[in-house]
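Asker: Residue numbers (the numbering used here), protein chains in the order written: chain A, 1 to 197; chain B, 198 to 321; chain C, 322 to 888.
No lab work stands behind these hints: they were computed from the structure.
Careful, some of the hints might be misleading.
[To be verified] Looking from chain C toward chain A, a few residues come up when the C-beta cut is under 8 angstroms (computed):
no., residue
1, Leu504
2, Leu560
3, Gly562
4, Leu860
[Said to hold, decoys possible] Restricting the straight-line Cα-Cα distance to at most 25 angstroms, the calculated cross-link-like pairs of lysine-lysine (DSS-like) are:
no., chain 1, residue 1, chain 2, residue 2
5, A, Lys85, B, Lys211
6, B, Lys211, A, Lys94
7, C, Lys840, C, Lys858
8, A, Lys94, A, Lys159
The beta-carbon is built from N, C-alpha and C at its ideal position, and this holds for glycine as well.
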Amino acid sequence: MSDTFQPPIATSRTTAGLPTSRLGTWWVVASEIVIFGGLIVAFIMYRMRHGEVWAEQAEHTKLYAGALNTFVLLTSSYFAVCAHKAAEAGDGKKAAKLLVRTILLGGVFLCVKAYEYTSEILAGYGPLADLFWSFYYTATGLHGFHVLVGMIILGFVAKDAAKGKNLHRVECIGIYWHFVDIVWIFLFPLFYIASGL
Amino acid sequence: MNNDKHLSHPDYKKIYVRLLILLAISIWGPIFALQLDNRFLLVSAVLLTAFGIGAIKAGMVAAWFMHLDIELRMIKRLLVICIFFLILLFAGVAPDVLLPEGQNREMDPDYEYPKIDNPSTPEQ
Amino acid sequence: MTEATIDPTSPKAPTIGSRIRICLFSTDHKVIAFQYLITGLLMAIIGGYMAYVFRMQLAFPGEDVPGFGWVSPGHYNALVTNHGTIMIFWVAMPVLVAAAGNFLIPLMIGCDDMVFPRLNRLSFQIFFLSALVLIASLHVSGGGFGGAWTAYPPLSSDPDFNLTPLGASLWLIAVALEFVAFLIGGINFVTTTMNARAPGMSLMRIPIVVWMIVIASILFMVSVGPLIAGAVMLLSDQLAGTAFYDPHNGGDPLLWQHLFWFFGHPEVYVVLLPAMGIVADIIPVFARKKFFGYKAALYVTIATGVLSFFVWAHHQFVAGIDPRMAHLFTATTLLISIPIAELCFLYIATLFGGSIEFRTPMLWAIAFLVEFLLGGVTGIYLGASATDINFHDTYFVVAHFHYTFFPIAIIGLFAGIYHWFPKAVGRHLNETWGKIHFWGTIVSFNFVFIPMFFLGLGGQHRRIFDYRHFPDLAGEGFQDMRVIATIATCVLIAFQIPFVINFFHSIWKGKKAEQNPWKATTLEWSAASPPPHGNWKTLPTVYRGPYEYGSPDSEEDYLPQHIEPNT
Chain A
1 MSDTFQPPIA TSRTTAGLPT SRLGTWWVVA SEIVIFGGLI VAFIMYRMRH
51 GEVWAEQAEH TKLYAGALNT FVLLTSSYFA VCAHKAAEAG DGKKAAKLLV
101 RTILLGGVFL CVKAYEYTSE ILAGYGPLAD LFWSFYYTAT GLHGFHVLVG
151 MIILGFVAKD AAKGKNLHRV ECIGIYWHFV DIVWIFLFPL FYIASGL
Chain B
198 MNNDKHLSHP DYKKIYVRLL ILLAISIWGP IFALQLDNRF LLVSAVLLTA
248 FGIGAIKAGM VAAWFMHLDI ELRMIKRLLV ICIFFLILLF AGVAPDVLLP
298 EGQNREMDPD YEYPKIDNPS TPEQ
Chain C
322 MTEATIDPTS PKAPTIGSRI RICLFSTDHK VIAFQYLITG LLMAIIGGYM
372 AYVFRMQLAF PGEDVPGFGW VSPGHYNALV TNHGTIMIFW VAMPVLVAAA
422 GNFLIPLMIG CDDMVFPRLN RLSFQIFFLS ALVLIASLHV SGGGFGGAWT
472 AYPPLSSDPD FNLTPLGASL WLIAVALEFV AFLIGGINFV TTTMNARAPG
522 MSLMRIPIVV WMIVIASILF MVSVGPLIAG AVMLLSDQLA GTAFYDPHNG
572 GDPLLWQHLF WFFGHPEVYV VLLPAMGIVA DIIPVFARKK FFGYKAALYV
622 TIATGVLSFF VWAHHQFVAG IDPRMAHLFT ATTLLISIPI AELCFLYIAT
672 LFGGSIEFRT PMLWAIAFLV EFLLGGVTGI YLGASATDIN FHDTYFVVAH
722 FHYTFFPIAI IGLFAGIYHW FPKAVGRHLN ETWGKIHFWG TIVSFNFVFI
772 PMFFLGLGGQ HRRIFDYRHF PDLAGEGFQD MRVIATIATC VLIAFQIPFV
822 INFFHSIWKG KKAEQNPWKA TTLEWSAASP PPHGNWKTLP TVYRGPYEYG
872 SPDSEEDYLP QHIEPNT
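Isolated chain A (complex conformation) (with noise of 0.2 angstroms):
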């Protein structure tokens, strides 16, 4: 059904200056800005208040974990522009070769929360422990569930953008992941680094 759709003249106009897919990905973007923000500044609120009580509780957060995903998420970051940059120059092949590994790499910080979820919850720390342990895994889950998403999409992008269909859409899909790893770059110190406050 879908193959035989016709976009409408609509979708192709650009009054504000910029074309439409990223038009409506900056939107999508500002609407994830505010959910994700509304569970931080819950997260900061709390965590504010319950100072020594959850410092305690964030040392046993695993930081090399976290760093290891950082760095993860940040090359996944670097392939998805390089991507984009390919995309530009009408490069389908490369941009979609650079998207599966920008995949590949989401795989990789998926495992890793995985693993830590795993030993968190085996050494006693599950959601339920504390409420410092359910602000972590509803942000983490949150921002897990974003990764997946981002990771199914981009499989779509890249395997239209392989063909060299629809190539527009490999910017619209970096900017989106790269918004998820920013919201990462800021769970990354609430939860992990600024453990010892």
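Based on these hints, arrange chains B and C on the given structure of chain A.
Answerer: Just chains B and C now, with coordinates in the frame of chain A:
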């Protein structure tokens, strides 16, 4: 469709390397800072290295990877507005969550509650 | 699906299969608008039925309600809760934001469809699913959720307190799904208006209703994020037993109230602005006069939108919030009445000196102004913390709230339906039946809610199932007013029957409508009635502002936006 082709791409590899260096600083900074004796210095050092550098990293990704540096002014404003309203949310809620004194109400054992004479329960 | 199957002007006769495909999978913005409208109206019937049942219970406590049976306290709570939820999230939102936005935005800015038609369809499908989940939540074991539409914890978070473990979670899931649907829809509206305007449609030539729907979508998008995060936390409190809102284990129930009202107050303006916009577009047409102060209206709307984020805690004056913050929120709440009053003045200034035709859309539009004014004025008492402490949770609040929301969701909706029905269907609604419907609705509406002001002033608390337990509130005078309100509710519902008959009769048998029956200037009237798929054969170009009435340049008294100026 892409009617505003970017004229030149910055050197992404250089930016990537810088990001990794900043990542290393933000991991090691707090570890060293925690050995400080002065509580004020410690807190500010941790906050600066963890969140300050985090913000710089986020800014770099947003500016060069998401191309916000050459994006329309309207888009930048939109994102700033979203963040502004989050700060507003924090400012409005923080007094209630962070300053809970005055909420520790206790029952006064000497207080006599007014007597309410219940009418007979209605037929059901 | 090919374009031909969804083109109503297609020479091919529609088969049953193609009709079903249109219903389920059409990406045409007008079809989706109709789907939103019909779903919203069906949900309004359910919500109205709930109002009937609990009004009957209040007027004749302990007796069987015809059509429902005996009302238990649990039933009563579930009915009141779901009446509120349905009327706001499943009636006001879909008909005012989604149906009006889907139908009007592409037609008024001169493009053939939304920019993301398939996302638009997805938005409706998620919305429809959410409606089904909500209805299902009423029928699970334990009954529907009964913790009020605001769902304050701990009542909402702990099954031991609300006694509806399944109903509460399903209710929350339905609301969250509905948010996602409107988030997608809202992004579509905003992107379409920003990027797909017809040549010549500059920002200052966009009709006010489109501006207002777009501003409402932005308000919704920015405010709903924290509540989605909050809903995830509440859901895990309900299902997994976490302690986000549990003060015994480090949580804070006030956080939910803040997250809810940080969304909830802008939400009032999310539904108010489209209704205001519909009225703003109807008044110049039937006053035959240029809209007074287009730019002022626009700036005032933006000011309302921004201010609406600064007022949320006036819902929580008695919840134990910081008293210093209460002062601030009192000041901002009183401030926000200024831009809204300014808007009403602009409408009245537009009416002043016009040659007013009292056709049905105009009657509804003027009724909106009058009734909403009453609602707004009574809001002043509730916005000031000193008086609100007395009025909080009394029927004064209920009456005030309905005096704002009834004009918004019902009067604004009917104004829109009567105005754009000829365009959407190609046939006129019957004027006489429209006027009967109008007067019956308006008069009985006032009889429902004016008694509630007095009940509230007398101290009647709102969440009570049977007032016979409260000797102070069970007196003759109180009970008489309750009976008046209940009878008026029944009359109000009965007067919707002429509308339903008129609506369906006119769809098939109404008087044929020409292309521009109201002699209006905005772009949608330059398309055929009903507009075909793609709206225009050649997309229009815009040469002037949206409200050029009484123009000396034309032989008639109006100059449509798309007519080329003869130089």
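Asker: Now tell me, hint by hint, if it's right for this structure.
Answerer: Structure-based check of each hint:
1. Restraint check, leucine 504 of chain C versus chain A: the minimum CB separation of about 6 angstroms is within 8 angstroms; hint holds.
2. Because the closest C-beta pair between leucine 560 of chain C and chain A is about 11 angstroms apart, greater than 8 angstroms, the hint is violated.
3. This hint holds: glycine 562 of chain C has a C-beta 6 angstroms from the nearest C-beta of chain A, less than the 8 angstroms allowed.
4. The beta carbon of leucine 860 of chain C comes within 7 angstroms of a beta carbon in chain A, closer than 8 angstroms, and the hint placing it at the interface holds.
5. About 15 angstroms separates the Cα atoms of lysine 85 of chain A and lysine 211 of chain B, which keeps this hinted pair within 25 angstroms; it holds.
6. Restraint check: the Cα-Cα separation between lysine 211 of chain B and lysine 94 of chain A comes to about 20 angstroms, which is no more than 25 angstroms; the hinted pair holds.
7. Annotation: proposed proximity of lysine 840 of chain C to lysine 858 of chain C holds, straight-line Cα distance about 21 angstroms (limit 25 angstroms).
8. Restraint check: the Cα-Cα separation between lysine 94 of chain A and lysine 159 of chain A comes to about 12 angstroms, which is no more than 25 angstroms; the hinted pair holds.
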